[in-house]
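Student: Take a look at the letters that make up each chain.
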Amino acid sequence: MKMRFVDEFRNPELIRKTLDEIERIIEPDDHFRIMEACGGHTYSIFHFGLQELLPKNIEFIHGPGCPVCVLPPGRVDEGLEIASKNSDVIFTAFGDVMRVPGKKGSPLNYKAMGTDVRMIYSPLDALNIAMKNPDKKVILFAIGFETTAPSTAITVLKAKELDIDNFFVYSNHVKIVPVLKSILDQPNMRIDGFIGPGHASVVIGAHPYETIAKEYKKPVVISGFEPLDLLQSILMLIKQLKNGESKVEIQYKRVVMEGGNVSALEIMNQVFEDRPAFEWRGLGAIQNSALKLKPEFSKWDAEVQFNVEKITIEENKDAQCGEVLKGMLKPNQCKLFGKVCTPDNPVGALMVSSEGACATYYNHLYSTMSL
Amino acid sequence: MLKEKIAFREPTIQLAHGAGGKASRRLIEGLLAPYLNVSELNDAAYVQIDQAQIAFTADSFVVNPLRFPGGSIGELAINGTVNDLAMGGAKPLAIVTTFIIEAGLETEILEAEIKAMHEAAEKANVAIVGGDTKVVEHQKADKLFITTAGIGLVDSRVNLSAGRVKQGDKIILSGPIGDHGITILFARGELDLEANIKTDTRAVWPFVSKLIDAAAPGLKWMRDPTRGGMATALNELARDAKVAIMLEEEAILVNPEVRGACEILGLDPMHIANEGQFIAVVSEEYADTALKAIQQVPGGEQAAIIGEVFESDRHIVLSRSSYGGTRAIDMLVGDPLPRIC
Chain A
1 MKMRFVDEFR
11 NPELIRKTLD
21 EIERIIEPDD
31 HFRIMEACGG
41 HTYSIFHFGL
51 QELLPKNIEF
61 IHGPGCPVCV
71 LPPGRVDEGL
81 EIASKNSDVI
91 FTAFGDVMRV
101 PGKKGSPLNY
111 KAMGTDVRMI
121 YSPLDALNIA
131 MKNPDKKVIL
141 FAIGFETTAP
151 STAITVLKAK
161 ELDIDNFFVY
171 SNHVKIVPVL
181 KSILDQPNMR
191 IDGFIGPGHA
201 SVVIGAHPYE
211 TIAKEYKKPV
221 VISGFEPLDL
231 LQSILMLIKQ
241 LKNGESKVEI
251 QYKRVVMEGG
261 NVSALEIMNQ
271 VFEDRPAFEW
281 RGLGAIQNSA
291 LKLKPEFSKW
301 DAEVQFNVEK
311 ITIEENKDAQ
321 CGEVLKGMLK
331 PNQCKLFGKV
341 CTPDNPVGAL
351 MVSSEGACAT
361 YYNHLYSTMS
371 L
Chain B
1 MLKEKIAFRE
11 PTIQLAHGAG
21 GKASRRLIEG
31 LLAPYLNVSE
41 LNDAAYVQID
51 QAQIAFTADS
61 FVVNPLRFPG
71 GSIGELAING
81 TVNDLAMGGA
91 KPLAIVTTFI
101 IEAGLETEIL
111 EAEIKAMHEA
121 AEKANVAIVG
131 GDTKVVEHQK
141 ADKLFITTAG
151 IGLVDSRVNL
161 SAGRVKQGDK
171 IILSGPIGDH
181 GITILFARGE
191 LDLEANIKTD
201 TRAVWPFVSK
211 LIDAAAPGLK
221 WMRDPTRGGM
231 ATALNELARD
241 AKVAIMLEEE
251 AILVNPEVRG
261 ACEILGLDPM
271 HIANEGQFIA
281 VVSEEYADTA
291 LKAIQQVPGG
301 EQAAIIGEVF
311 ESDRHIVLSR
321 SSYGGTRAID
331 MLVGDPLPRI
341 C
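Those protein sequence lines, which keep their order, are chains A and B. For the first sequence, UniProt numbering assigns the number 1 to the initial residue and increments by one for each residue that follows. For the second sequence, UniProt numbering assigns the number 1 to the initial residue and increments by one for each residue that follows.
FYI, nobody ran anything at the bench for these hints, they're computed from the structure. Fair warning: there could be bad hints in the mix.
Claimed, not checked - Keeping only pairs whose Cα atoms sit at most 20 Å apart, straight-line, the calculated SDA-like set for lysine to any residue is:
id, chain 1, residue 1, chain 2, residue 2
1, A, 339, B, 15
2, A, 160, A, 114
3, A, 111, B, 314
4, A, 339, B, 143
5, A, 17, B, 143
6, B, 143, A, 114
7, A, 17, B, 322
To be verified - Chain B regions said to be covered by chain A (calculated; three or more residues, Cβ under 8 Å):
id, stretch
8, 30-39
9, 66-73
What the hints assert, rightly or not - Here are the simulated distance ranges between beta carbons:
id, chain 1, residue 1, chain 2, residue 2, range
10, B, 196, A, 55, 39 to 47 Å
11, A, 181, B, 142, 31 to 39 Å
12, B, 193, A, 85, 28 to 36 Å
13, A, 299, B, 142, 30 to 38 Å
14, B, 142, A, 85, 22 to 30 Å
15, B, 13, A, 309, 28 to 36 Å
16, A, 85, B, 11, 16 to 24 Å
Glycine included, C-beta positions come from ideal geometry on N, C-alpha and C.
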């Protein structure tokens, strides 16, 4: 594994140079509110301590791009209920899902109590489990933006090709552009520009963001995850803002192509179709913002093949996840932050994943700010 | 009186309570220690017998798989206990061991582990003086669990206590971090990743012995950062000593394979378990002497000063990057889980 690729984007000299340039073009009266859409970016901003290196008049608003965080409560319960009620079901999910609190506990809690819950690293792992356990039914609790949707899709195609009938997908895949638009449609919203997600854009490319740049007049710069990537992206955004422009640009050119990954998109479109509406945690129902399996793949669709009872869970009334997601509150301004809601004992899902805005705040900024 | 100290209110015990991070600490401090009246929690406990100060410790090993690149459960069982004694400033003397064996385990597998224990004990110069064996029904245990308990004679020159740790003290780390945890993660075979990496398991007494010879008056605290990793060990120090710690990220060695795996999986090397490293806090005056003493022992060449202690009302651990950004390093919460995108 060659890590030099990463080191180049952590080079102190280049970082200093980019910071100097940002400082040179930003003026004291400027105030730019930049939403980093992706949870990976939120994590990097804090992990690398970028906020404190940047001028104070650049403000980050932490966006909805952590798929675990925006999953409506109840969704995990629905999947787990199938597994706990049927002893022949194996529930598989990515690591981040394992600690998402459901009504009766997280997948990890269910596992400790005897439900067959397995952590996987790729959807194909779930298919392999199905092939190795022909007498069991394996449910893949699929989650993620366009980043992970193609790998779920390819797994479904593989299941079809190999004629595997004990593998089922419980799809929670979501789309990035509809949710960004929905945030921009909220009243009192003041976002000046977006740091566009790096990984999802590898798949979808730059074109889907054109509507944000053209209709909403907000610049978008698709960014990588290293400190230099983010600083370069911020510089590109500020240059656009200072020039009164709103374009879609790609900073993360070493991975993201303008047109995206055509074959990944084809596979995704072959297997998935839009849901008319999908509930987002804290944001409500957003039209055409999520993906379900097309009818011709219903044989592998857990929602069709199992009698999934819709579970709705009342969120803690004091939890202000929605306001945080919309950028109206900083995580530490929520009533529950750090007191009732902590990474040990998350009330809202923003506290669950290390990429959730609240967990990131708690782990990084919160512990440094009152030093 | 006792009731008031029982702060642990969680209805069931979960895997996280055994992962060595925050949840473990809640369980131990909120339930076990108060009932058992244990006031100080260290790698090894001290018992005074006449004039001799004895370090006493026990450790259980439940690793899966039993064998992994560079080591096995038997070797860990010896080194783990020997290292806990060393962290108490004690020369390891004797170990007793218990085996819990799942019925049906192949004799060959057990024999290999007994052999590994014998070899590790010889290497660490410690005697295995007794033990106990139990066999449980098939599927009532996972192949083989080993518990070892050990005693060691505390070097009379050392005085280890978090309470002595003060502003300006230096943090010394014995070598690269994260090798063991990542080796186990890969050895489980659940990831389609491969790397040329092996566990760092080894007895650290040879380093500690030289460190004591060279810098005993300045040596204030030691810990081997096993489960929960360096982040958890140093957070415990910050809390117990009521200080803050500033680390220099560049000085902390992480092997490229470990770093790569952590980047891919979204893990922090500082949260990953080690089995052959230790952290020592030494006064500024003795820091260089202490470092040289460790470096002169074969295998200690990569030891480095990685940070220092400073006074603060917030008892936290910070890390400074080469370009000046700082971040707080929290204890491990639950098990390290890979991120999804």
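Student: State the violated hints by number, sorted upward, taking the hints as numbered earlier in the document.
Tutor: Hints 1, 2, 3, 4, 5, 8, 9 and 11 not satisfied by this model.
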